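A.B. asks: Could you build all of it, start to finish, from the sequences and the hints given here?
Residues per chain are reported as follows:
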Amino acid sequence: MRLIRRTVVLVRGAGLLRDVIAVASAVGVVGASFGAMAAAAGVAPELTIGMSLLVFAGGAQFLAVGVIGAGGGIAAAILAGLLLNARHLPFGLAVGAAFDRGWATRIVGSHLMIDESVAFALAQREPERRRRAYWMCGIAVFVCWNLGTALGVLAGGAVGDPNVLGLDAAFPAGLLALLLPSLADRVALRVALIGATIAVVATPLLQPGAGLLLALIALAFALPLPARRPGRRP
Amino acid sequence: MTWAAVLLLAAGTYALRLAGPMLRRRITLPEAAVRYCGLGAVVLLAAFIATSTMIDGTRLVGPTRPAAVAVGAILALRRAPFIVVVCGAAVTAAVLRLAGLP
Numbered sequence: 001m002r003l004i005r006r007t008v009v010l011v012r013g014a015g016l017l018r019d020v021i022a023v024a025s026a027v028g029v030v031g032a033s034f035g036a037m038a039a040a041a042g043v044a045p046e047l048t049i050g051m052s053l054l055v056f057a058g059g060a061q062f063l064a065v066g067v068i069g070a071g072g073g074i075a076a077a078i079l080a081g082l083l084l085n086a087r088h089l090p091f092g093l094a095v096g097a098a099f100d101r102g103w104a105t106r107i108v109g110s111h112l113m114i115d116e117s118v119a120f121a122l123a124q125r126e127p128e129r130r131r132r133a134y135w136m137c138g139i140a141v142f143v144c145w146n147l148g149t150a151l152g153v154l155a156g157g158a159v160g161d162p163n164v165l166g167l168d169a170a171f172p173a174g175l176l177a178l179l180l181p182s183l184a185d186r187v188a189l190r191v192a193l194i195g196a197t198i199a200v201v202a203t204p205l206l207q208p209g210a211g212l213l214l215a216l217i218a219l220a221f222a223l224p225l226p227a228r229r230p231g232r233r234p
Numbered sequence: 001m002t003w004a005a006v007l008l009l010a011a012g013t014y015a016l017r018l019a020g021p022m023l024r025r026r027i028t029l030p031e032a033a034v035r036y037c038g039l040g041a042v043v044l045l046a047a048f049i050a051t052s053t054m055i056d057g058t059r060l061v062g063p064t065r066p067a068a069v070a071v072g073a074i075l076a077l078r079r080a081p082f083i084v085v086v087c088g089a090a091v092t093a094a095v096l097r098l099a100g101l102p
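Protein sequence lines correspond, in order, to chains A and B. Each step along the first sequence adds one to the number in our numbering, with nothing skipped, and position 90 is 90. Each step along the second sequence adds one to the number in our numbering, with nothing skipped, and position 26 is 26.
One or more hints might be untrue.
What the hints assert, rightly or not - Going by beta-carbon spacing under 10 Å, a handful of chain A positions derived as facing chain B:
#, residue
1, A22
2, G42
3, M51
4, L63
5, I68
6, G71
7, F99
8, M136
9, F142
10, V143
11, L147
12, L175
It should be emphasised that the hints constitute simulated quantities derived from the structure, not laboratory data. Being a predicted model, the structure only gives us computed values, none of them experimental. By construction, the Cβ of each residue, glycine as well, lies at the ideal position given by its N, Cα and C atoms.
C.D. replies: Written as structure tokens, this is what we have:
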């Protein structure tokens, strides 16, 4: 029995690893395009590589380099990047329990908090699987993003447009597949649809990050929260 | 881009990432608030998926990306393996672009 159970766990772990590798390798390609784009925009190689290591937030990095490239100035670039990254605060409240087992895991685990690791963690039901999914995804994406960035900086213009490979569609589709189990709950589905609509309508009118944060208004449509398992007592 | 800008962006981002776990430790949240945080993460991810499907910067994208993500969504709803969902969306987008769609 124990052997069977262990095999089942291994097989499940292998499925998770396979999914994590799929996401991380796609992230690597996007990292390469970030490196090439930053090099083309005239950002020094050590700054581009330092940015991927220390900021480790793809959307904010593209945005910051883009804002400076468009002549927006450094202050505007930092503000825009931080606004886009403000979503990590509620992320941390939601998945903090998955990685925070003391100061060391808190310090390292917080840096690995990205959309992918949060989505992978949320897609798991059991706490132990949630913890493993968070770390596996966070570490794999961190390695691939930084290797990709370094390669992109070195290769420069030789890196093609990742949109030709359809990677721009692969990311939202992958995140959606990870989010689906959480949407089985009717309240979650309702607020998610309302939030997505708010963000899509608001983003063209505002800064990219502001549209995302406005989506949190949708939480008002979760009220009143139905009692968990009505009629049952713990 | 300067080191000062990179370090400020990095420090600010890290502070935002660390704030959630720190807050969770300092204050004991009531059960309803914990569920709200979970819902908040779901809403933000859904909003992020929707905007990265429909919008580039602050402009609406052409039909290729939304169509390809829709193919991925249908595959995911039919319980296709994760890798099939991701590759299905990517291949759809690549083929539509080869066909000349924006």
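A.B. asks: Which hints, by number, does the structure contradict?
C.D. replies: Numbers 6, 8, 9, 10 and 11 - these are the hints that the structure violates, sorted from lowest upward.
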